[in-house]
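Engineer: Sequence:
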Amino acid sequence: MSTTASDGVAWTTRTTFSRSTRIAQHIDADAATVWRLLTTAAEIPRWNSTVVSLEGQIALGSTIKLVSTLDPSRTFSLKIKEFEPNVRLTLGGGMFTRTCSLTGDAGGTRVVVVERIGGPFFPFVARMIPPLDENFEQSAADLKKAAEATAS
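Just so you know, we're using our numbering here: the sequence shown kicks off at -17 and counts up by one.
No wet-lab data here; the hints were simulated from the structure.
We put the CB at the ideal spot given by N, CA and C, even for glycine.
Don't take each hint at face value.
DEER-style ranges, computed between Cβ atoms [unchecked claim]:
{"id": "1", "residue 1": "F(-1)", "residue 2": "T22", "range": "31 to 39 Å"}
{"id": "2", "residue 1": "E37", "residue 2": "W(-7)", "range": "26 to 34 Å"}
{"id": "3", "residue 1": "G43", "residue 2": "F103", "range": "20 to 28 Å"}
DSSO-like, lysine-lysine: derived pairs with alpha carbons at most 27 Å apart [said to hold, decoys possible]:
{"id": "4", "residue 1": "K47", "residue 2": "K127"}
{"id": "5", "residue 1": "K47", "residue 2": "K61"}
{"id": "6", "residue 1": "K63", "residue 2": "K47"}
Please model the entire structure based on the sequences and the hints provided.
Structural biologist: So this is what it looks like as structure tokens:
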């Protein structure tokens, strides 16, 4: 296992026109197991406690509809922008993009998730966007638990 002190701890950086939140997590499971969990839409609300519901198919060019615990009254329409099996998944909508990258890591998989929110109107809406750190940490912990349980 290859872990660092920052594993499972999210951090956010801000500029005038953007905000990025990042988390890295070592998971004792192969990339195919992690990828299957990340891309099987119907299963995600079962293992990810930060997702209320998710509709659609996670495939390149498709659009999914996600409801998050951060704002259960809002449905996000997210387009799948990159879909490289066992390596990279990028989705986004409006002013944000989230990329999930997987790499081999000491007999397991290192997952890095980065979400960037920004653009010319960001300064006007920034205060209405909730912090993502706790949400990222819970989601990473849920993914680790589900993948390692599947791999055992």
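Engineer: If a hint holds in the structure, say so; if it doesn't, say that too.
Structural biologist: Structure-based check of each hint:
Separated by about 35 Å at the C-beta atoms, F(-1) and T22 satisfy the suggested range of 31 to 39 Å. The hinted range of 26 to 34 Å is satisfied by E37 and W(-7), whose Cβ atoms lie roughly 31 Å apart. One distance hint, 20 to 28 Å for the beta-carbon pair G43 and F103, holds here, with the actual separation near 26 Å. A hinted pair counts as satisfied when its Cα atoms are at most 27 Å apart, and K47 with K127 qualifies at roughly 24 Å.
Of the pairs offered as hints, the one joining K47 and K61 holds, with about 9 Å between alpha carbons and a cut-off of 27 Å not exceeded. Distance check on the hinted pair: K63 and K47 sit about 14 Å apart at the alpha-carbon level, within 27 Å; holds.
When each numbered hint is compared with the structure, no violation occurs for any of them.
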